[in-house]
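Visitor: The lines below spell out each chain.
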Amino acid sequence: DAKTTQPNSMESNEEEPVHLPCNHSTISGTDYIHWYRQLPSQGPEYVIHGLTSNVNNRMASLAIAEDRKSSTLILHRATLRDAAVYYCILRDTGSSNTGKLIFGQGTTLQVKP
Amino acid sequence: NAGVTQTPKFRILKIGQSMTLQCTQDMNHNYMYWYRQDPGMGLKLIYYSVGAGITDKGEVPNGYNVSRSTTEDFPLRLELAAPSQTSVYFCASSYSYSKPQHFGDGTRLSIL
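So the sequences go chain by chain: A and B.
Oh and the first sequence: position 65 is 1320 in my numbering, straight run, nothing missing.
Oh and the second sequence: position 6 is 153 in my numbering, straight run, nothing missing.
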């Protein structure tokens, strides 16, 4: 399973944009880039995923580098509720059809009022 | 909107006791997963199932067993509880291997 590298922690001010980086230099052609987040004392929740093109949904945007070796999760306007651990995960949908998620330690995002 | 329901929410066990963590989902999802999360760490996959009657081991299966007799239920069994199994356990489900996973709220288990 290809690995991802994320900063351990980041800080943001409320109502400002947040850019959460993720490096995945060994990504394969069939790996999708998934982002989940985990609010305190809760289970993880799905945020967004993509393969090659940038993606937007109601929660966030995902910007994927042209060589796919890195990506950035963008929260357009951070709120206090966005304080969480954010996980960047590569999900192989090529050779494996198990759908397993391999979690790293993620990035702990603090949002200051 | 039940989603993925885990019971119990909290439990304290003595070393050597057994218990079953329950997980049920009402979304008709084929794929189900059990993860554990130790303090300050990411989740690790214990077992998974791609459909009723089919289960397979994940990264950390030792000390656990699972069964999947129905689409809805995926119980996790601890036969001889050990202090190393103190953790938060999360169950998840997804419609297919490529769709997002939906997680329950977790079971916080302490073994003393």
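Some hints here could point you the wrong way.
Chain B regions said to be covered by chain A (calculated; three or more residues, Cβ under 8 Å) [as the list claims (entries may be wrong)]:
hint: 1; stretch: 154-162
hint: 2; stretch: 165-174
hint: 3; stretch: 196-205
hint: 4; stretch: 214-225
Straight-line Cα separation of at most 25 Å, DMTMM-like style, residue types lysine to aspartate or glutamate; simulated pairs [as the list claims (entries may be wrong)]:
hint: 5; chain 1: A; residue 1: K1367; chain 2: B; residue 2: E206
hint: 6; chain 1: A; residue 1: K1324; chain 2: B; residue 2: E226
hint: 7; chain 1: B; residue 1: K246; chain 2: A; residue 2: E1266
If you only want the chain B side, here are some residues facing chain A, beta carbon under 8 Å, derived [as the list claims (entries may be wrong)]:
hint: 8; residue: Y178
hint: 9; residue: P230
hint: 10; residue: S231
hint: 11; residue: Q248
Since the hints were derived computationally from the structure, they do not count as laboratory data.
Cβ atoms here follow ideal geometry from the backbone N, Cα and C, with glycine treated the same way.
Visitor: Take the hints in turn and mark each one as holding or not.
Guide: The hints, checked one at a time:
no. : hint                : in the structure
1   : 154-162             : violated (count 0)
2   : 165-174             : violated (count 0)
3   : 196-205             : holds (count 3)
4   : 214-225             : violated (count 0)
5   : K1367(A) to E206(B) : 36 Å, violated
6   : K1324(A) to E226(B) : 43 Å, violated
7   : K246(B) to E1266(A) : 30 Å, violated
8   : Y178                : 5 Å, holds
9   : P230                : 22 Å, violated
10  : S231                : 19 Å, violated
11  : Q248                : 6 Å, holds
Of the numbered hints listed earlier, those contradicted by the structure are 1, 2, 4, 5, 6, 7, 9 and 10.
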